[in-house]
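Enquirer: From first to last, the protein sequence lines are chains A and B. According to the numbering used here, the first sequence is numbered sequentially starting from 1. According to the numbering used here, the second sequence is numbered sequentially starting from 1.
If you are wondering where the hints come from, they were derived from the structure by calculation, not from laboratory data. Note that the Cβ used here is the ideal one computed from N, Cα and C, for glycine as well. Just to be clear, a hint being listed does not mean it is correct.
[What the hints assert, rightly or not] Subject to a maximum C-alpha distance of 30 Å in a straight line, what follows is the list of computed DSS-like cross-link-like pairs (lysine-lysine):
hint : chain 1 : residue 1 : chain 2 : residue 2
1    : A       : K441      : B       : K441
2    : A       : K25       : B       : K25
3    : B       : K23       : A       : K441
[Said to hold, decoys possible] Some chain B residues near chain A, calculated using beta-carbon distances under 8 Å:
hint : residue
4    : S19
5    : E29
6    : V54
7    : T102
8    : A403
[Stated by the list, open to error] Rough simulated footprint, nothing fancy, chain A against chain B, three-plus residues with beta-carbon under 8 Å:
hint : region
9    : 44 to 51
10   : 76 to 84
11   : 298 to 309
12   : 320 to 331
13   : 391 to 399
In case you want the letters, here they are:
2 protein chains.
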Amino acid sequence: VVERLVVVGGDAGGMGAISAARKGKPDLEVVAFERGSWTSYSACGIPYLVGGEVDAIDDLVARSPEEHRRAGIDVRLRHEVTAIDLERGEVEVRDLDSDVTTREGYDHLMLGLGGVPVRPDLPGIDLPFVHGVQTLDDAAALLEQAGPRTDRVVVVGGGYIGLEMAEAFVRRGSAVVLVERSDQVMATFDPDLAVMVAEALRRFGVEVRLGCDVTGFEEGAVLTVDGPIPADLVVLGIGVAPNSALAGAAGLDLGVKDAIRVDARQATSAERVWAAGDCCESRHLVSGAPVHIALGTVANKQAKVAGRNIGGVHAEFPGVLGTAISRICSTEVARTGLGSAEAREAGFDLAVATVETTTRARYLPDTAPMTVRLIAECGTGRVLGAQIIGGPGAAKRIDTCAAAITAGMTAQDVVDLDLAYAPPFSGVWDPVQVAAREVLKVV
Amino acid sequence: VVERLVVVGGDAGGMGAISAARKGKPDLEVVAFERGSWTSYSACGIPYLVGGEVDAIDDLVARSPEEHRRAGIDVRLRHEVTAIDLERGEVEVRDLDSDVTTREGYDHLMLGLGGVPVRPDLPGIDLPFVHGVQTLDDAAALLEQAGPRTDRVVVVGGGYIGLEMAEAFVRRGSAVVLVERSDQVMATFDPDLAVMVAEALRRFGVEVRLGCDVTGFEEGAVLTVDGPIPADLVVLGIGVAPNSALAGAAGLDLGVKDAIRVDARQATSAERVWAAGDCCESRHLVSGAPVHIALGTVANKQAKVAGRNIGGVHAEFPGVLGTAISRICSTEVARTGLGSAEAREAGFDLAVATVETTTRARYLPDTAPMTVRLIAECGTGRVLGAQIIGGPGAAKRIDTCAAAITAGMTAQDVVDLDLAYAPPFSGVWDPVQVAAREVLKVV
């Protein structure tokens, strides 16, 4: 008997499971429903499209529907799954063009539902000039409205997407105001390091307004507690929520932030129903707590794990550190593990060190500043988190920290690591090790 | 009773021990003998000095003799230690300027003797136009002879220093021929990857002659089996040998390549005599074998460990992976752990994967190629080594591999790592993970 895999969602969280599943079950019949117009694309690339570094939307597509079809996947675009019938093992699907609804049976159901940009319940939030940016369809709508040039753009929210979009619109020639309700951009960074990111934005020409609450939107303006800000276009960068309404309505267990609850195999609470990516939970490798972290890296990994299990192989996703990186206005920023506040909330007593160093040996030209913060547990010296901000080549060092945290290394272990050195890359002690040596002084 | 520490060698291997030793023994009296004219400098910076990226020799000095003296260290330049009397706990020191020899007693003796450029026993090797480059004194002599411009430079030997010096002389405007006896440059890289480095050199304007044996030197030419090569100046880049003759003559045990044998505490075979850096052995973290790896990173770490032990704290140096990085003619190259041949020699059955990927998402401009090779053990999947060659931002990823190898991670563990991704840094799977996924297919 040939089994049938139904995939809901045409991007990484869903489609990423298929090849792994087929490895175990080569005859698997696969049908994939995507309510938008694209499959397997880089949503992370949208700011570069908006900023003009990427020419066309299609450049962001890694695998088109046609390519998927050639690989034997029955991809149906503009088909929205509107209900899951767990008992009968069926989904209800609406063809958005014909408005015809059908039912499709599954042996395995792979939910890669993705995330939705958080849209606060404010007056005017549904005005057409207010854009969330999550899918290529969102990007297409945004670009269509933006046209060749938009004079005044307001970005609401200072997360990665908000910051990258603010930069992108400056590159397009717009006057950009970034409005953030809290006292800092980049909530996943320690506040004093986030200050450096805000400064990078300001140097690049973004007007950054912190501690500024948005109260609503009206044609031509964003309304705030400090008065209206003129705007031809608004981008929401408040964050991403799991797109889990469909799963919740079907009776699947939801967890933190209403993300779909999954076990280490990416199995949901219902048999033969799996989930991966922005729609579901992950386990944090340091705190052990369930978290919702909407990142493409996680989606891809979770999808592979789900796929292997669908294919009959036991596989587990070990968890996340929330490792993230971005280039914001020529400044590289990265973080992994727990932030200082997060770590304290998780009950850790902290030894924190911050070092100011350089991206190359100090005696070389074009050396840029670089700040590394290492967060360790007092007493044991175990590394819990790290944050890096600096010039070219600075931020990818976060991966060394991520590997060290995953391995349970202490600051002394990090000092002992045989890391690479040559003058074009740093001083003789890698900046991460300089920070680890400072941690040892306070641990 | 105040103890007395005698340091032999004014660079990292020796001086690096002092502050750690004093932490344990604040009253420690310290005298340091350096036969050259500089202390605590970046020998790795010499190629950038020669190439014109660094203006003055003194720019490479991290801590001058005066600064050391202000820190209470009795630094004596142009003083050569000519003998060690282990029984009496004394060294014999010649003042190179006055030619007066004295004896100095020690409670602890710290040997940071460094390395010496390998000088093959060939006719004409002692001609003044043949330069080894290891110390700032070597660099000063080289620059003095080179003057503002040298027409024809021949570099003998294709190791890091040879390659970096070849590039530096091209930057100075010289015509540079690199002569290497074996079939590849960079002996620590797998041959097919070394080909890419040779190509980078050629693109930069270096004439690379492989499989070319040098038979001698005469004024104006390097003699080879393929005939003479005209040369106004010759740079030796054949490698670095431990400068261990003094230690050997004193009766200290020598090990691999005649490097001073040390235990994990950096203790030599004689009581209260310690060694660190290019003059001594290290233990390889993967093979467990003693190795001689002359790198500033290792010297600094070993010196700290020796210093802590001198200070009365037990400390151990865990070992090395031979992690190294360089920028050769705008191409970044890095390696860690065992190479393919080395790993086979060490008795491992190998699963090797090589991937061609890019330094940024493929859809972004200025994306450069990047090659990652991951070497793992068949069966277990344990990562044994890695090599990376590529454009800007490529090579520092070697540190992720170094951390993974140190932690004993498998290729699957590397795939599971939560590494950072954004389009300016790679595709969604970090290139190291792309390589790890390929390893899993052949493991």
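Enquirer: Each hint: holds or not?
Expert: For each hint, the structure was consulted:
1. Between K441(A) and K441(B), the direct Cα distance comes to roughly 44 Å. Violation of the 30 Å bound is thereby established for this hinted pair.
2. Our distance criterion of 30 Å between C-alpha atoms is broken by K25(A) and K25(B), whose separation comes to about 67 Å.
3. Under the criterion of a C-alpha separation no larger than 30 Å, the hint pairing K23(B) with K441(A) is consistent with the structure, at around 12 Å.
4. The closest approach between the C-beta of S19(B) and any C-beta of chain A is roughly 11 Å, which is over the 8 Å cut-off, so the hint fails.
5. Taking 8 Å as the C-beta contact cut-off toward chain A, the hint placing E29(B) at the interface is violated, the least distance being around 25 Å.
6. Given hint, V54(B) at the interface with chain A, holds; its Cβ is 5 Å from that chain's nearest Cβ, closer than 8 Å.
7. Because the smallest distance between the Cβ of T102(B) and any Cβ of chain A comes to about 33 Å, over 8 Å, the interface hint for this residue is violated.
8. The interface hint given for A403(B) holds, since its Cβ lies 4 Å from the closest Cβ of chain A, which is under the 8 Å cut-off.
9. Counting residues of the region 44 to 51 of chain B whose CB falls under 8 Å from any CB of chain A gives 3; the rule of at least 3 is met.
10. Only residues whose C-beta sits within less than 8 Å of a C-beta in chain A count toward coverage, and the region 76 to 84 of chain B has 0 of them, not enough to reach three; the restraint is violated.
11. As drawn, the region 298 to 309 of chain B meets chain A at 3 residues by the rule of a beta-carbon pair under 8 Å; at three or more, the given contact holds.
12. Given as covered by chain A, the region 320 to 331 of chain B passes the check, having 8 residues with a CB less than 8 Å from a CB of that chain where 3 are the minimum.
13. Under the rule that three or more residues need a Cβ within less than 8 Å of chain A, the assignment of the region 391 to 399 of chain B holds, with 7 such residues.
In summary, the structure is inconsistent with hints 1, 2, 4, 5, 7 and 10 from the numbered list given earlier, while agreeing with the others.
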